[in-house]
Amino acid sequence: MLASVVSATLVGVEGQLVTVEVHVSSGLPSYTVVGLPDAAVRESRERVRAAILSSELAWPQHRITVNLAPGAVRKHGAGLDLAVALGILVATDALPADALEAAAALGELGLDGSVRPVPGTLALVDSLARHGVQRVIVPAANAAEAALVRGIQVHAAAHLATLRDCCKGEAPWPGWEPLPPPAPADDEEVDLAEVRGLPWARRALEAAAAGGHHLLLSGPPGAGKTMLARRLPTILPDPQPGEALEITRIHSAAGHPPSGGIATRRPFRAPHHSASVPALVGGGSGRPRPGEVTLAHRGALFLDELGEFSPAALDALRQPLEERAVRISRQAIALTFPADFQLVACTNPCPCGLGPPWCGCSAVQRARYRRRLSAPLLDRFDLRVAVRPPEPTATPGESSAAVRERVRAAVDRQVTRYRDRGWTRNAHVPAGALADLVPLRGDAADAWLTESDVRRLTGRGAARIRRVARTLADLDDVPDVGAAHVALASMLREDVP
Amino acid sequence: MSGSRQAPESPTADQVAAVALAGLDALGPRRLRVLVEHFRSPQRALQAVRERRAGAVLAPTFGPDSGVALDPLLAHWAAAVDPDAVRARLVERAARVWLDGEPGYPIVEPLPDRPLCLLAEGARADALDAPRVAIVGTRSATMHGLADARELAATLADAGVTVVSGLALGIDGAAHAGAVEAGGRTIGVVATGLDVEYPRRHRRLYRDVRAHGLVLGETGYGIGPAPWRFPVRNRIIAALADIVVVVEATLTGGARITAEHALRYDRAVFAVPGSRRNAAAAGTNALVADGAYPLTEWSDVLIALGMTPGSRRAAPPRPVPDRTGRAVLDALGGEPAAPEQLAARTGLAPEVVALAVATLERTGWVSWSQGLVWPR
Numbered sequence: 371m372l373a374s375v376v377s378a379t380l381v382g383v384e385g386q387l388v389t390v391e392v393h394v395s396s397g398l399p400s401y402t403v404v405g406l407p408d409a410a411v412r413e414s415r416e417r418v419r420a421a422i423l424s425s426e427l428a429w430p431q432h433r434i435t436v437n438l439a440p441g442a443v444r445k446h447g448a449g450l451d452l453a454v455a456l457g458i459l460v461a462t463d464a465l466p467a468d469a470l471e472a473a474a475a476l477g478e479l480g481l482d483g484s485v486r487p488v489p490g491t492l493a494l495v496d497s498l499a500r501h502g503v504q505r506v507i508v509p510a511a512n513a514a515e516a517a518l519v520r521g522i523q524v525h526a527a528a529h530l531a532t533l534r535d536c537c538k539g540e541a542p543w544p545g546w547e548p549l550p551p552p553a554p555a556d557d558e559e560v561d562l563a564e565v566r567g568l569p570w571a572r573r574a575l576e577a578a579a580a581g582g583h584h585l586l587l588s589g590p591p592g593a594g595k596t597m598l599a600r601r602l603p604t605i606l607p608d609p610q611p612g613e614a615l616e617i618t619r620i621h622s623a624a625g626h627p628p629s630g631g632i633a634t635r636r637p638f639r640a641p642h643h644s645a646s647v648p649a650l651v652g653g654g655s656g657r658p659r660p661g662e663v664t665l666a667h668r669g670a671l672f673l674d675e676l677g678e679f680s681p682a683a684l685d686a687l688r689q690p691l692e693e694r695a696v697r698i699s700r701q702a703i704a705l706t707f708p709a710d711f712q713l714v715a716c717t718n719p720c721p722c723g724l725g726p727p728w729c730g731c732s733a734v735q736r737a738r739y740r741r742r743l744s745a746p747l748l749d750r751f752d753l754r755v756a757v758r759p760p761e762p763t764a765t766p767g768e769s770s771a772a773v774r775e776r777v778r779a780a781v782d783r784q785v786t787r788y789r790d791r792g793w794t795r796n797a798h799v800p801a802g803a804l805a806d807l808v809p810l811r812g813d814a815a816d817a818w819l820t821e822s823d824v825r826r827l828t829g830r831g832a833a834r835i836r837r838v839a840r841t842l843a844d845l846d847d848v849p850d851v852g853a854a855h856v857a858l859a860s861m862l863r864e865d866v867p
Numbered sequence: 145m146s147g148s149r150q151a152p153e154s155p156t157a158d159q160v161a162a163v164a165l166a167g168l169d170a171l172g173p174r175r176l177r178v179l180v181e182h183f184r185s186p187q188r189a190l191q192a193v194r195e196r197r198a199g200a201v202l203a204p205t206f207g208p209d210s211g212v213a214l215d216p217l218l219a220h221w222a223a224a225v226d227p228d229a230v231r232a233r234l235v236e237r238a239a240r241v242w243l244d245g246e247p248g249y250p251i252v253e254p255l256p257d258r259p260l261c262l263l264a265e266g267a268r269a270d271a272l273d274a275p276r277v278a279i280v281g282t283r284s285a286t287m288h289g290l291a292d293a294r295e296l297a298a299t300l301a302d303a304g305v306t307v308v309s310g311l312a313l314g315i316d317g318a319a320h321a322g323a324v325e326a327g328g329r330t331i332g333v334v335a336t337g338l339d340v341e342y343p344r345r346h347r348r349l350y351r352d353v354r355a356h357g358l359v360l361g362e363t364g365y366g367i368g369p370a371p372w373r374f375p376v377r378n379r380i381i382a383a384l385a386d387i388v389v390v391v392e393a394t395l396t397g398g399a400r401i402t403a404e405h406a407l408r409y410d411r412a413v414f415a416v417p418g419s420r421r422n423a424a425a426a427g428t429n430a431l432v433a434d435g436a437y438p439l440t441e442w443s444d445v446l447i448a449l450g451m452t453p454g455s456r457r458a459a460p461p462r463p464v465p466d467r468t469g470r471a472v473l474d475a476l477g478g479e480p481a482a483p484e485q486l487a488a489r490t491g492l493a494p495e496v497v498a499l500a501v502a503t504l505e506r507t508g509w510v511s512w513s514q515g516l517v518w519p520r
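Here the protein sequences come in this chain order: A and W. Under the numbering used here, the letters of the first sequence match residues 371 to 867, in that order. Under the numbering used here, the letters of the second sequence match residues 145 to 520, in that order.
Excised from the complex, chain A in its bound form (with noise of 0.2 Å):
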């Protein structure tokens, strides 16, 4: 009268195993449902009774108690629905006990006994696959999704009394529609060659692009910042394989299903400066869920108006950008979400938005507006331009499929470089690892002692620009960093805004 049935529940954006118990036996009809679980989950009742007795199958008027494993671990949502009732099956002799040998299930039920999506799918069905399950029963709507993961078989399901014919072999598993194909590369409807003038601060975004730097464009409104940033995607690499699943796996789990199969683009995040700490960073109340950081892990965040950020959603932004991670740490529980992404922000220099020279405002309103983004913010940028309005004769510049075939061979480079180490682009460069990885030699070393001094950079912001003059050189695909290559990286961490 004991059935044991595998499921899984998110936790941030990882999926957990979950081990569906469910004894039926004598004593008053009863259900109970331990091991921590939400407030969906203790509904489950309802919705399986109605879904079992909807499929023409007996409800048993018995005690059931299902307890869901490991206890310490708190279940969401009504994803372990379908491993409930079919572990009452199986407890009832409805169905044996092999049929769901090796085999995990996951799925909402309605009281029709459809089987219902499930949000991130994905992530769970990879957490189920290294786990060393071999078969997941999934509903049929995720199982285009699930069938991404490699190394487990996956059944669609779509309702629970085909599913139990399914089960006995008495019946085919139904086939599901495959993921549309993914939208080629080049179908932006930007391109960075409707971009006039600006050759400095394209040459940071490619910069950026090339070696991961976070990027700070400043100037007046109407400059081009924006325009600048919003184009950042069209030249970013393509994902490396591993990230690539890493991607559409936390996408999945934040809810947003994969359209197009595995992301083939990196994410690119532009939440708007009212964003609250929690939607920014993650965690929130209830359950901790990713926040824009988690979302563009991978990829890069865009902070337009950057100054117009609450001053606590700009310093909780300073962790993820230093250890590109946000632990969340609750009472019961401590999670980290990855967030290994790029920063890339616009803000106007002053209140004004002219900037020096034509700058009209005052020390003190300047100071007062610089005050708004913190020292240590403003530190973590590798990359700091004033964008300047072009000059009316200015002309159109590379397009993005130019730009983007130097990043892809700078990042190329970069691979290569760091080969078996824990990082793959240039500005995640330790600063006790450059000297060996990004030697400095004759011109450049002088020149780069010279700037240190010049502009009494700290010993980070020295690091910095070494990084940045790595990438400057990746682009030029030169194997040393030259002193011009210093040169400019200094010139591109100006003291903005």
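Just a few of them, taken from the derived set where beta-carbon distance is under 10 Å, the chain W residues facing chain A:
id, residue
1, G314
2, A482
3, E484
4, A498
5, V501
6, A502
7, Q514
Everything labelled a hint here was simulated from the structure, so no lab data went into it. Even for Gly, the Cβ is constructed at its ideal location relative to N, Cα and C.
Using the hints, position chain W against chain A.
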């Protein structure tokens, strides 16, 4: 150079007494002078304050109906005055003290309201031996005003002139910074005790000014900022300077007070004219209208001092720039410009411009700040 501006000797009893009295609340420069002149020496005045005998002398200075209860104040002074602690402090901080009339007292003319005593701390007492030019202006300066103050201070400091200002935010700070950057000498005249650093944002500048000159004031230790002390302090700036230059001033600001003191002391006043649309230039434009010299060429200040502009003292020989350097300098044309403007005008690649600017900066032809390349 007078001997008394050498390394500070241990202060005399009169000097200690004067500094101790100048560190008392509500005993401003005017009352200090009344007190000391009545009792004929700072020591005797100190003795009188200790014995609460100063009331009769000072009562008129409080006015008939000022409402100040003199007795509690006298009791407070008698308890607070502590010459031994002041002496220890002066020695510990290596401060210099000059009483009015002593050799080395930096204001030569018998100006009516000159300070009874002046204190100074800093590494360069010889800053007082050079010609002195005050550069003053508003705290809410514009970018242009700050750049002007910095550039003028650097030019003057480069020619061996000591730059005097008030260590305030805005123009004052830019003037001190310009002198410090040029490796020249500068004097910061403060309205607080020399142990108080106000505004706090200028802590680093205070350090620089101490290293490149003097921080100077007339108040004793421990006196914090009070609104009335700043205009009073401004007369010292005017008195110390041979010439006063106002770079940017609002119509009602402290810089205009400095200019008025300067006129009273018969100092030449220069004002840098500005646009009538710039509120921070309204004060300087009004000064020009009132007869101040409009200053458009920095070298005019040197000419007014009787110095020869161009014959820069120890002008560093700048290496002749190479071809790209010259192209960039030509493209700059004496105006600040953005690097991308330079790239557009010269047709050079960003890296080439960046390297040329870095080289020009190292050799002293340009400076790079606030995202712009500034010719020097």
